[in-house]
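Given next are the chains, with one letter for each unit.
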Amino acid sequence: MQYLLEIGLEDMPAHVVTPSLRQLADKTAAFLKDQQLDFDDIKKYATPRRLALLIDGLAAKQADRAEDLRGPAKKIAQDADGNWSKAAIGFTRGQGMSVDDIEFKEVKGTEYVFLHKEVAGKGAAEILPGLVDVIKSLTFPTRMKWAQYDFEFIRPIHWIVSLLDDQVVPMQILDVQAGRETQGHRFLGHAVELQTANDYVKALRGQQVLVDPAERKAIITDQINAIASQNNWQVDLDKDLLEEVNNLVEFPTAFAGSFDAKYLDIPEIVLITSMKDNQRYFYARDQNGRMVNAFIGVRNGNGEHMDNVIAGNEKVLTARLEDAAFFYNEDQQHSITDYVARLSNVSFHDKLGSLADKMARVQTIASVLAKHFALDTQGTEDLQRAAGIYKFDLVTGMVGEFAELQGTMAAHYAQLAGENEAVVAALGEQYMPISAEGALPASEVGTLLAMADKLDTLMSFFSVDMIPSGSNDPYALRRQAYGIVRMLATHKQTLPLRQLQGELIKQLEEAGQTNGRDYRHNVDALDEFFQDRIKQLMQSNHVSHDVVDAVTATADPDVSAEISAAEVLTRAAKADEFKEHLEALTRVVRITSKNPATGDVDPQLFENDSEQQLHSAVEQLADFDGRTTAANFERLTALTPIINAYFDETMIMADDERVRDNRLRELNRLAQWITLFGDLTRVRK
Amino acid sequence: MGCAGVGWEVWLDGMEVSQFTYFQVVGGLEVSPVTSEITYGVERLASYIQDVKSVFDLEWGDGVKYGDIFKEPEYEHSKYAFEESNQDMLLDFFNAYEKEAWRLMDLGLVHPAYDYILKCSHTFNLLDARGAVSVTERAGYLSRIRKMAHKVARAFVAERKKLGFPLLDHADAETTEAK
Numbered sequence: 001m002q003y004l005l006e007i008g009l010e011d012m013p014a015h016v017v018t019p020s021l022r023q024l025a026d027k028t029a030a031f032l033k034d035q036q037l038d039f040d041d042i043k044k045y046a047t048p049r050r051l052a053l054l055i056d057g058l059a060a061k062q063a064d065r066a067e068d069l070r071g072p073a074k075k076i077a078q079d080a081d082g083n084w085s086k087a088a089i090g091f092t093r094g095q096g097m098s099v100d101d102i103e104f105k106e107v108k109g110t111e112y113v114f115l116h117k118e119v120a121g122k123g124a125a126e127i128l129p130g131l132v133d134v135i136k137s138l139t140f141p142t143r144m145k146w147a148q149y150d151f152e153f154i155r156p157i158h159w160i161v162s163l164l165d166d167q168v169v170p171m172q173i174l175d176v177q178a179g180r181e182t183q184g185h186r187f188l189g190h191a192v193e194l195q196t197a198n199d200y201v202k203a204l205r206g207q208q209v210l211v212d213p214a215e216r217k218a219i220i221t222d223q224i225n226a227i228a229s230q231n232n233w234q235v236d237l238d239k240d241l242l243e244e245v246n247n248l249v250e251f252p253t254a255f256a257g258s259f260d261a262k263y264l265d266i267p268e269i270v271l272i273t274s275m276k277d278n279q280r281y282f283y284a285r286d287q288n289g290r291m292v293n294a295f296i297g298v299r300n301g302n303g304e305h306m307d308n309v310i311a312g313n314e315k316v317l318t319a320r321l322e323d324a325a326f327f328y329n330e331d332q333q334h335s336i337t338d339y340v341a342r343l344s345n346v347s348f349h350d351k352l353g354s355l356a357d358k359m360a361r362v363q364t365i366a367s368v369l370a371k372h373f374a375l376d377t378q379g380t381e382d383l384q385r386a387a388g389i390y391k392f393d394l395v396t397g398m399v400g401e402f403a404e405l406q407g408t409m410a411a412h413y414a415q416l417a418g419e420n421e422a423v424v425a426a427l428g429e430q431y432m433p434i435s436a437e438g439a440l441p442a443s444e445v446g447t448l449l450a451m452a453d454k455l456d457t458l459m460s461f462f463s464v465d466m467i468p469s470g471s472n473d474p475y476a477l478r479r480q481a482y483g484i485v486r487m488l489a490t491h492k493q494t495l496p497l498r499q500l501q502g503e504l505i506k507q508l509e510e511a512g513q514t515n516g517r518d519y520r521h522n523v524d525a526l527d528e529f530f531q532d533r534i535k536q537l538m539q540s541n542h543v544s545h546d547v548v549d550a551v552t553a554t555a556d557p558d559v560s561a562e563i564s565a566a567e568v569l570t571r572a573a574k575a576d577e578f579k580e581h582l583e584a585l586t587r588v589v590r591i592t593s594k595n596p597a598t599g600d601v602d603p604q605l606f607e608n609d610s611e612q613q614l615h616s617a618v619e620q621l622a623d624f625d626g627r628t629t630a631a632n633f634e635r636l637t638a639l640t641p642i643i644n645a646y647f648d649e650t651m652i653m654a655d656d657e658r659v660r661d662n663r664l665r666e667l668n669r670l671a672q673w674i675t676l677f678g679d680l681t682r683v684r685k
Numbered sequence: 686m687g688c689a690g691v692g693w694e695v696w697l698d699g700m701e702v703s704q705f706t707y708f709q710v711v712g713g714l715e716v717s718p719v720t721s722e723i724t725y726g727v728e729r730l731a732s733y734i735q736d737v738k739s740v741f742d743l744e745w746g747d748g749v750k751y752g753d754i755f756k757e758p759e760y761e762h763s764k765y766a767f768e769e770s771n772q773d774m775l776l777d778f779f780n781a782y783e784k785e786a787w788r789l790m791d792l793g794l795v796h797p798a799y800d801y802i803l804k805c806s807h808t809f810n811l812l813d814a815r816g817a818v819s820v821t822e823r824a825g826y827l828s829r830i831r832k833m834a835h836k837v838a839r840a841f842v843a844e845r846k847k848l849g850f851p852l853l854d855h856a857d858a859e860t861t862e863a864k
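Residue numbers (the working numbering), protein chains in the order written: chain A, 1 to 685; chain S, 686 to 864.
Hints in this document: simulated from the structure, not taken from any laboratory. No residue lacks a Cβ here, since even glycine has one placed at the ideal position from N, Cα and C. Just to be clear, a hint being listed does not mean it is correct.
Calculated cross-link-like contacts (lysine-lysine; reagent style DSS-like; alpha-carbon spacing at most 25 Å) [claimed, not checked]: (1) S/784 - A/145; (2) S/750 - A/315; (3) A/61 - A/27; (4) A/27 - A/44; (5) A/239 - A/43; (6) A/492 - A/535; (7) S/846 - A/145; (8) S/804 - S/784; (9) A/351 - S/832; (10) A/145 - S/764; (11) S/836 - A/351; (12) S/784 - S/738; (13) A/371 - A/506; (14) A/351 - S/804; (15) A/136 - A/27; (16) S/738 - A/315; (17) A/202 - A/43; (18) A/122 - A/75; (19) S/750 - S/764; (20) A/262 - A/371; (21) S/836 - A/276; (22) S/738 - A/262; (23) A/351 - S/784; (24) A/594 - A/579; (25) A/315 - S/756; (26) A/43 - A/105.
Cβ-to-Cβ under 7 Å is the rule here; a few derived chain S residues that face chain A [said to hold, decoys possible]: (27) 699; (28) 719; (29) 720; (30) 737; (31) 741; (32) 744; (33) 814; (34) 816; (35) 821; (36) 825.
Short derived list, chain A residues pointing at chain S, Cβ under 8 Å [stated by the list, open to error]: (37) 132; (38) 135; (39) 138; (40) 145.
Build out the structure end to end from the sequences listed, making use of the hints.
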């Protein structure tokens with residue numbers, strides 16, 4: 001048999017269509033499998049207004065099956081005389097059978113009542129109405145309510161087609177009863193009654209709806225390629241744009257339009273943003289790769305009145321490009337210095353001063369980072385220059401109109417103004433990564449600028465107690481902290497963030513840039529905030545939870561050191577001896593965490609050889625240099641026999657206070673190197 | 686104003702001619718039944734029907750163009766909003782309107798309070814047009830306005846409840862109360 005399910009909706013957002021269709025198909029397949037209703041294949045169809053499945057080779061009914069049902073134990077089911085108890089009678093009756101059908105079988109030494117039951121499979125028509133729950137279980141990135149209902153869905157449902165061959169399988173969602181009527185193209189078609197499920201694709205084609213997304217995409221591609229070859233253009237069929245356009249139309253017709261060649265003087269990135277991002281057009285180049293003054297759009301309709309459609313689209317694009325050209329020319333009438341001066345009138349946040357104040361802080365922060373990352377003289381100069389101007393494009397007309405070009409325009413205008421390559425690149429990279437997993441800055445100066453900007457944002461917001469909680473993170477501070485963590489992870493240079501905060505605050509205070517805010521009082525909260533992001537990064541890299549917990553339990557978050565510690569521990573944990581090493585090292589950690597002691601160790605107070613041995617070994621660890629390398633961890637694990645011998649032969653908590661303190665000092669000295677790798681007591685043995 | 690909804694930009698031949706929204710939340714309160722909103726668009730549709738390139742060339746009435754009536758005000762408002770507005774004054778106004786809105790809400794004067802919240806919103810738009818508000822700070826201003834909108838919406842519902850929801854039929858009034 002063949003079954004058609006179509007959900008008719010008000011237009012869905014384009015990006016929702018494909019994933020929702022896949023979800024509907026997967027959940028339907030799971031439902032049929034669960035119901036043991038066989039099928040050959042599920043065909044998937046969707047347009048902005050509909051999600052549909054056509055199930056081929058659907059079994060008319062579930063297979064008949066035999067079930068062995070277990071009832072009460074024999075001793076409960078029958079008395080000594082072999083009379084059936086109420087329990088036994090009730091059990092058989094509940095299954096629509098009688099005590100004559102009872103058999104006994106042994107399960108784990110006890111005899112039980114069993115019924116052997118032949119169950120006739122249910123018919124497809126009886127099972128398919130259950131799909132209503134599958135529809136209701138779909139999840140979407142956004143949901144909405146409509147009319148007076150509490151039910152939520154991606155958009156309001158207007159019709160449902162549910163046809164098993166030629167029979168309607170009833171189901172209902174809110175006020176919508178499933179039937180056999182579907183809707184044609186909004187302007188070119190009509191409602192149409194389907195005689196059979198198999199009519200679906202053909203009947204809708206007759207109503208100017210191409211329900212197969214792959215077919216639509218192929219048609220759009222062919223049409224665009226035809227236009228390109230007629231005009232001798234090269235067109236980049238951007239995959240994401242094609243997918244989006246495909247899910248905006250039910251009946252595509254591509255067309256070419258043009259704009260005045262004078263607009264080609266506008267930077268390419270602006271032209272592309274206008275055409276591709278704002279208007280969903282494909283742009284074109286000539287055979288030499290030069291952009292041409294034309295575009296290709298896709299209409300949801302046929303070729304009728306196409307001149308009108310082209311003229312309308314040209315008018316809209318021209319208006320956009322006219323604005324862009326105006327802003328582009330206007331913006332160049334002023335120097336970067338003019339724009340920077342205006343930034344003192346633009347507030348960053350009312351508690352945190354102007355954008356000029358922010359840039360001043362970022363310059364201070366950048367100079368500290370430059371030293372940490374051993375930037376050369378030229379790099380340091382470039383970073384200072386970039387940090388001193390990088391927000392200037394926010395007051396240009398172009399960014400006012402095309403906000404998504406922030407940073408990009410800064411780089412473009414800086415290049416026109418003759419700034420050097422490194423400064424230009426850094427300005428273009430300042431916002432990176434722009435999403436959790438987005439690309440990181442490629443240049444060194446860009447990395448440090450992006451990092452300094454984000455550090456300032458985080459420290460400043462934390463200083464005025466604006467700390468994200470729950471889903472409340474209006475300034476996207478989590479994403480910015482995660483960006484810093486990812487940059488540091490890529491950079492592989494250790495940078496203890498608590499220590500860094502201390503250094504930055506000192507410099508900001510000396511430069512008089514804290515404006516009376518206390519940057520210190522939420523330092524702990526920011527440390528923890530960073531540790532959480534480091535955990536997130538490690539978890540996304542599938543580091544096991546115990547290792548993540550162990551290495552992030554350090555007093556001073558250090559991305560590279562913690563990642564390296566996690567790698568070292570993950571590798572070490574695979575060895576057989578790991579358990580033994582871990583026991584020895586954590587024994588030291590446990591005793592010292594309860595008994596902190598500082599100061600020099602006095603060998604005069606040693607009472608046995610093992611003390612002397614451990615002492616010499618610990619002395620040799622002094623060149624660890626804070627690095628969580630595999631070599632350093634191996635040097636620690638090499639101490640296992642010495643540590644074990646020490647604990648065997650030495651009573652730490654000696655009666656003589658001087659001897660006891662001396663031993664605790666030794667162990668504490670050792671523990672400081674062990675805890676470099678985090679809290680090893682959290683690692684699973 | 687503490688509103689949230691989903692809906693569409695409505696495009697005609699590449700031009701956004703309107704927006705259609707199903708409100709889900711107004712003033713921080715979930716709405717039921719769901720209301721919908723259709724925004725601007727008459728001029729844009731008219732520009733297609735009359736086949737003119739600029740809105741100012743639309744025929745407004747007999748021999749009178751849209752531009753004859755609106756072009757000069759548009760120019761003056763643009764000049765003011767983008768170049769001449771007094772930022773310090775507007776910031777003071779925003780704070781004063783905000784203070785007044787809260788004071789009126791405390792007095793239970795819902796409608797005057799609402800007017801002051803609208804004034805805050807308008808003043809914010811002027812500050813924003815002038816580029817006096819950074820992207821970061823926008824969120825802060827919007828949240829101040831939203832807080833007031835939430836409060837006044839709750840006060841409005843409370844006021845209607847006191848009156849027994851006179852414009853709702855009985856069943857709707859009960860569910861509204863339950864929510």
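Exercise. Okay, which hints does this one fail, numbers in order?
Worked result: As far as the earlier hints go, 1, 10, 12, 18, 20, 21, 26, 29, 30, 31, 32, 33, 37, 38, 39 are violated by this structure, in ascending order.
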